[in-house]
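All chains, please: the whole structure from these sequences, using the hints.
Chains as they are written, first to last, in UniProt numbering: chain H, 1 to 148; chain V, 1 to 148.
Hints in this document: simulated from the structure, not taken from any laboratory.
Heads up, a few of these hints could be off.
In this list, chains with the same sequence are indistinguishable; a pair is considered to hold if it fits within one copy or across any two.
[What the hints assert, rightly or not] In the PhoX-like style, the derived pairs of lysine-lysine whose C-alpha atoms are separated by at most 25 Å in a straight line are:
| hint | residue 1 | residue 2 |
| --- | --- | --- |
| 1 | Lys93 | Lys113 |
| 2 | Lys32 | Lys103 |
| 3 | Lys48 | Lys125 |
| 4 | Lys47 | Lys113 |
| 5 | Lys48 | Lys93 |
| 6 | Lys47 | Lys93 |
| 7 | Lys125 | Lys93 |
| 8 | Lys32 | Lys48 |
| 9 | Lys138 | Lys47 |
| 10 | Lys138 | Lys93 |
| 11 | Lys138 | Lys32 |
| 12 | Lys113 | Lys15 |
| 13 | Lys15 | Lys93 |
| 14 | Lys113 | Lys138 |
| 15 | Lys35 | Lys15 |
| 16 | Lys125 | Lys113 |
| 17 | Lys93 | Lys35 |
| 18 | Lys35 | Lys48 |
| 19 | Lys103 | Lys35 |
| 20 | Lys125 | Lys47 |
Protein chains: 2
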Amino acid sequence: MDSDPGFVAAVEEAKAGFEEGGVPIGACLVSKEGKILGRGRNMRVQKKSATLHAEISTLENSGRLPASAYIGATMYTSLSPCDMCTGACILYKVARVVIGENKTFIGGEAYLKQRGIEVIVLENKECQDLMSRFIEEKPNVWNEDIGE
Amino acid sequence: MDSDPGFVAAVEEAKAGFEEGGVPIGACLVSKEGKILGRGRNMRVQKKSATLHAEISTLENSGRLPASAYIGATMYTSLSPCDMCTGACILYKVARVVIGENKTFIGGEAYLKQRGIEVIVLENKECQDLMSRFIEEKPNVWNEDIGE
Ligand SMILES: [Ca+2]
Ligand SMILES: [Ca+2]
Ligand SMILES: [Zn+2]
Ligand SMILES: [Zn+2]
Chain H
1 MDSDPGFVAA VEEAKAGFEE GGVPIGACLV SKEGKILGRG RNMRVQKKSA TLHAEISTLE
61 NSGRLPASAY IGATMYTSLS PCDMCTGACI LYKVARVVIG ENKTFIGGEA YLKQRGIEVI
121 VLENKECQDL MSRFIEEKPN VWNEDIGE
Chain V
1 MDSDPGFVAA VEEAKAGFEE GGVPIGACLV SKEGKILGRG RNMRVQKKSA TLHAEISTLE
61 NSGRLPASAY IGATMYTSLS PCDMCTGACI LYKVARVVIG ENKTFIGGEA YLKQRGIEVI
121 VLENKECQDL MSRFIEEKPN VWNEDIGE
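This is how it looks when you write it as structure tokens:
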């Protein structure tokens, strides 16, 4: 599953965010049929945004869609989703959330499951390393991003 | 509380959204000290946005802020917040959510309370009427906005 095109795209987004000096979290939304609907990354630093977390950027970049487009969809994200992004996945009723890692941060995984969404955690080393390097370099930006 | 400047601003935003042909939901974030940090409205129609609900627009328009800025803050919103906007209020730990009405739609009120956020519902007739007119005119846009 680490080689799913959606996960590969999410990691590419995370790396691009790191290179830009941003919060290195990426995501990608894939339809039931396997089509990439959108991808994106955290834009706190790049756009001075309080809401463009990776998953929100991804939903935004996927455009205005009817509810049917999200049926059976998978949200791939490089890090366990915060409460806002958890809620966004619930709003649009994605079927599954595939998470690169949750060692750095554990978000709404239990609540996603409680609301009927499948959750898979990959424990991906590359995602973990990106976050470790980022948090060591910019702890204040990270705390701001998780409301701490 | 219907005359709080933050609620008045939220209703103004909702009305502006209606006039633009959009989803008529508005919001406003007010600091503990009573300062308006930001205000906004649903931008699904205007910006073809899947994520700029009123509360998300408001948090975005409030800009990048340290966690301390949200302490004791109130999110005023013309309608009961969906799961995404509920999660956003939890992420930033606002103290209170003041809701214009929840007759049209009941979102994450119970979960907000469970997570320690005060919830007040005003049963405001003006907010209810705006939503009734909108849903009668554009049921499909409304369903898309709530992922139905
Ligand atoms: Ca892990
Ligand atoms: Ca009501
Ligand atoms: Zn998030
Ligand atoms: Zn919402």
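Handout entry: Structure-inconsistent hints, enumerated in ascending order
Key = 2, 3, 4, 7, 11, 12, 13, 14, 19, 20
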